[in-house]
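J.: Sequence:
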Amino acid sequence: MATAFHNLSDYNPESVPNAEDMRFGIVVSEWNDEVTGALMQGAVETLRKHGVKEERIRVMTVPGSFELVFGASQMVKSRMFDAVIAIGCVVRGDTPHFDYICEGTTEGLALLNKDYDVPVIYGLLTCNTMQQALDRCGGSLGNKGDECAITAIKMVDYKRRLQ
Numbered sequence: 036m037a038t039a040f041h042n043l044s045d046y047n048p049e050s051v052p053n054a055e056d057m058r059f060g061i062v063v064s065e066w067n068d069e070v071t072g073a074l075m076q077g078a079v080e081t082l083r084k085h086g087v088k089e090e091r092i093r094v095m096t097v098p099g100s101f102e103l104v105f106g107a108s109q110m111v112k113s114r115m116f117d118a119v120i121a122i123g124c125v126v127r128g129d130t131p132h133f134d135y136i137c138e139g140t141t142e143g144l145a146l147l148n149k150d151y152d153v154p155v156i157y158g159l160l161t162c163n164t165m166q167q168a169l170d171r172c173g174g175s176l177g178n179k180g181d182e183c184a185i186t187a188i189k190m191v192d193y194k195r196r197l198q
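With the numbering used here, letter number 7 in the sequence shown gets 42, and the count goes up by one each step, no holes.
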């Protein structure tokens, strides 16, 4: 569903499983930190709202969005987390750099989901303008960090129900 038709922070709290015994890693890109910091804050607040204790949330940073793949893979391989949330923001510029970073990061995070048994949640904003990013990190369209946290909780629950 297009974000224009759905606020990223709107969800039914009753549809979210209890997360008090879950552990989450969050890897955050330092690039565009005004945006990524707000996304991270949204994710942490939403996890806490659903019962996750502060000591069960580990936030680490990487320099840019491309490095999210390595950061997330290290968190997955550590076996310390039930899910990993990767948060970044790439804003289109005048060169094809945007396309390479977005494609490489997306493919890398998708491969982690395929190759490992820890859900890796895609929290990479890929925006044409900085205003679009600001609208999605707590602005007029809500906070993608909230959505990522809810997705992480639901994916951990999904995996547990299969075991």
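What the hints contain is simulated information worked out from the structure, not anything from laboratory work. Hints are supplied without guarantee of correctness; some may be wrong.
[As the list claims (entries may be wrong)] No more than 25 Å apart at the CA atoms, straight line, and that leaves these computed lysine to any residue pairs for SDA-like:
(1) Lys189 to Pro98
(2) Lys88 to Tyr135
(3) Lys194 to Ser113
(4) Lys149 to Tyr135
[Said to hold, decoys possible] Computed beta-carbon distance windows for the label pairs:
(5) Met165 to Leu197: 39 to 49 Å
(6) Glu80 to Tyr193: 30 to 40 Å
(7) Glu55 to Asp129: 39 to 49 Å
A virtual CB, placed ideally from N, CA and C, is assigned to each residue, including glycine.
J.: Now, for every hint given, state plainly whether the structure supports it.
T.: Quick rundown of the hints versus the structure:
1. Lys189 to Pro98: 28 Å, violated
2. Lys88 to Tyr135: Violated. Lys88 to Tyr135 sits at ~37 Å, over the 25 Å cutoff.
3. Lys194 to Ser113: Cα-Cα ~18 Å, so holds.
4. Lys149 to Tyr135: With a Cα-Cα distance of about 21 Å, the restraint between Lys149 and Tyr135 holds, given a limit of 25 Å.
5. Met165 to Leu197: 39 to 49 Å: Because 40 Å falls inside the window, the suggested range holds.
6. Glu80 to Tyr193: 30 to 40 Å: 22 Å, violated
7. Glu55 to Asp129: 39 to 49 Å: Because 47 Å falls inside the window, the suggested range holds.
The structure shown violates the earlier hints numbered 1, 2, 6.
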